[in-house]
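Colleague: One-letter residues, chain by chain:
2 protein chains.
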Amino acid sequence: MSSFYEWEPEGPSVKTEIPGPKAKEAIAKLDKVFDTRSLNMLTDFTKSNGNYIADPDGNVLLDVYAQIASIPIGYNNPALHKAAQGDDFINGLINRPALGNFPPHDWAEVLETGILKVAPKGLNQVFTAMAGSDANETAYKAAFMYRRQQERGGPNVEFTEAEMESAMNNEVPKGRKELSILSFRTAFHGRLFGSLSTTRSKPIHKLDIPAFDWPQATFPHLKYPLEAHAEENAAAEKKSLEEVEHLILNYRVPPCAVIVEPIQSEGGDNHASPAFFRGLRELTRKHNVLLIVDEVQTGVGATGKFWAHEHWDLPHPPDMVTFSKKAQTAGYYFGNPELRPNKPYRQFNTWMGDPSRALLFRAIVGEIERLDLVNHTAKVGDYLYGKLEALAKKYPGQFDNLRGKGMGTFIAFDNPRRDEFLKRAKAFGVNIGGSGVSAVRLRPMLIFEQKHADILLEALEGIVTTWDKDLGKGGKWPL
Amino acid sequence: MSSFYEWEPEGPSVKTEIPGPKAKEAIAKLDKVFDTRSLNMLTDFTKSNGNYIADPDGNVLLDVYAQIASIPIGYNNPALHKAAQGDDFINGLINRPALGNFPPHDWAEVLETGILKVAPKGLNQVFTAMAGSDANETAYKAAFMYRRQQERGGPNVEFTEAEMESAMNNEVPKGRKELSILSFRTAFHGRLFGSLSTTRSKPIHKLDIPAFDWPQATFPHLKYPLEAHAEENAAAEKKSLEEVEHLILNYRVPPCAVIVEPIQSEGGDNHASPAFFRGLRELTRKHNVLLIVDEVQTGVGATGKFWAHEHWDLPHPPDMVTFSKKAQTAGYYFGNPELRPNKPYRQFNTWMGDPSRALLFRAIVGEIERLDLVNHTAKVGDYLYGKLEALAKKYPGQFDNLRGKGMGTFIAFDNPRRDEFLKRAKAFGVNIGGSGVSAVRLRPMLIFEQKHADILLEALEGIVTTWDKDLGKGGKWPL
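Sequences listed follow chains H and W, in order.
First residue of the first sequence? That's 1 in the working numbering, and the numbers climb one at a time after it.
First residue of the second sequence? That's 1 in the working numbering, and the numbers climb one at a time after it.
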């Protein structure tokens, strides 16, 4: 099978330990002005191509982390290079509009041929944003305004003096309850103050940062392999839905919306069944609570559908779907016109997104369609998953809780020495990320092919069969 | 005096009412998918040049609003056009890094020759962000973590189990007080949940959105002309500082930081004296409260200094300075190394800014330096202010509370029929914005010259001498 893009290297090439001498020098320089403690790999993007990421020491790794799941169709993709040279693109970049006040004359067309061309079924409008966090937070704002509008008696009821005064004092009017957003334990929805209040992934994300008194329900903890735990898993999902309903009805700060990831990504690649999500949709509709699906990490093809929630076969679409990462732009989709607040300037900010990034997404969508990359990813994912199942059998305890079957390349497994696993992966020519406490998460690009899967599989086998080899000392690095 | 850029039109040209027929058609189309109720003017950016903004009906207006104060050096600036075609620029665009994990090998150099080249005195580090709201919110996060670290006994003291558990439940550990950010009445610091909690500009920004119980102090309400009210104004500033101190010592949720705009911009162009800000710096230092200066709107030259707080002659720099808008990128500067949290991944997100936008800022800085635009703006501002003073005398009640003397082109005045004033300005060939309840705010670009000031002044005089003329009906539009 030939590559989508012929400019890619044949395979990884590890020449020095990582970071090598040149990277170390650059990191020391950078650290003086920019915190480098979370640095994974100093990158030479000019030498990175397709599925391969390069560093200044000449190391080239197969990249199945892809800038935390946000590179869609490869480094230095020629189609994006061409798009970036377009007059419309440069125009959007150097004349950045305040989109709510001064939209470009062709903004409708840009949206319709890009962001809205791939809108989830049933959702035909968009509010554009800058990144996943503010996509979620603006969706929350829409949810709060929608619910209060209902309480008030509709969009035409004017705000009272008491409401306006209390808002200026950061209070709700006397006699009215605060409202909340319900999220799930181990969820990740961003790190600004509102989104972080719904994020429940790790203490390090939340420590010392004030948060709202918002409720969290337990996400079902599925056991693997799924076939062997069908009953238990169904019970866990039922229990989770019951908890959601209990919190909707009883939490001291009643939720006006539930936000959920199709696959909890940062929190450890936690899956639930389509039936669970259909139940959640039913439940939220029953109680007049909005359902926001956070597709920041799952969206744009990696699960073998353009949007992961297409796997659920919902009878009614989510109320809002948020996106970012591989879209290279961000925002939320919605369908109900009442999710537009009743007055202008309630949902507003200076830039409200970025037209040049909307054009980039359009070019990405063009390549996804031209190369049929969503179906491609479904197929490559099936191939990869099958091979990983075999590896898991061959090396018990090394590829635990393999998950993501039928979900494209959105695959993960647990390894008891996960952090070391990820570090050693580089010596085997592969850049991989983790999620949660013990998951190795595979998050390749949409141009990841069977031949890349084979390279990855060989590296994974290498990692788990050489635990005793010293990588760091005595010149044994690279292996 | 010749233009900086020869591609500019000679002057405004108003051919139809605004919106004209073509704009109306495009707006109707856009409104189906994107809320247009806050639309000011549908813009043809391909035909906008320098200080002039164009629309699809062939109207060309002198733009002293500049995308809500965020276009620095003119539409379709050739220097930015050239920068956008650079290999480094395209590379940053199409290979967007997760900057905290995989910074580009030349990121230190990009920062040092751009964002950090113009760092405020005393602040030599930066955390990069996407827009003003998250620049402020990440600064707040740094402030909270800093203060808790002090309470804990320093960066080496580990988190307790109780702290980690309570954080996951959106609580502070038992026996510890919540902390807050103190802001000023009529301030604007953004519209996400944390930043909106410090924003106190208008009810429409805040209604129905949950907010933290954070304190607000009264911003001194200066009376104009300043010379005639020196004593009163000094008293108002003293009172404001006393209120700040009282809130620091007594508010039920103690502030760990104070955030302030050098000139309250969205809130109505409210100024205070350098002495007030020096007092605020002294007070915050005395009580171990951080001072965050929000230069999102005031920064990057418009006040005749690169940063507006340079006007204050502070003995100690602010702890953090946030920026966005005319920088075309965003973030916060800081100096104290302890403002880096004690562990990696505490201040982190996927993109953490945008390298291509950092390169754009570098190109902007290059043009500002080449053309000495900060000093230029100081001079043009003085010229404009002098002429406005004369207009104010000539037309009593039309240019009330003229303010911004010596602050470059960052000038505003009140008009009793402000909204109508702004609307009529378009008929006179000028695009102007408002702020607060009654302010007309001038926010021209840094390439605004004396000749543009003359065109603006003629238009302003036209507006206030033709109130009785009908613009909207009977074909009298344009005048």
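Note that these hints are calculated values from the structure, not bench results.
Just so you know, even glycine gets a beta-carbon here, dropped at the ideal spot from N, CA and C.
Any given hint could be a false lead.
Within a straight-line C-alpha distance of at most 25 Å, the following computed DSS-like cross-link-like pairs (lysine-lysine) qualify [said to hold, decoys possible]:
1) H:K29 to W:K343
2) H:K117 to W:K29
3) H:K202 to W:K174
4) H:K239 to H:K202
5) W:K343 to H:K174
6) W:K24 to H:K343
7) W:K343 to H:K24
Only some residues are given here: those of chain W computed to face chain H with a beta carbon under 8 Å [said to hold, decoys possible]:
8) F34
9) L39
10) N40
11) L80
12) P97
13) V126
14) G175
15) E178
16) G194
17) R200
18) L226
19) Q328
20) F348
21) V464
22) T465
Colleague: Where does the structure disagree with the numbered hints, that is, which hint numbers, in rising order?
Modeller: 5, 14, 18, 21, 22
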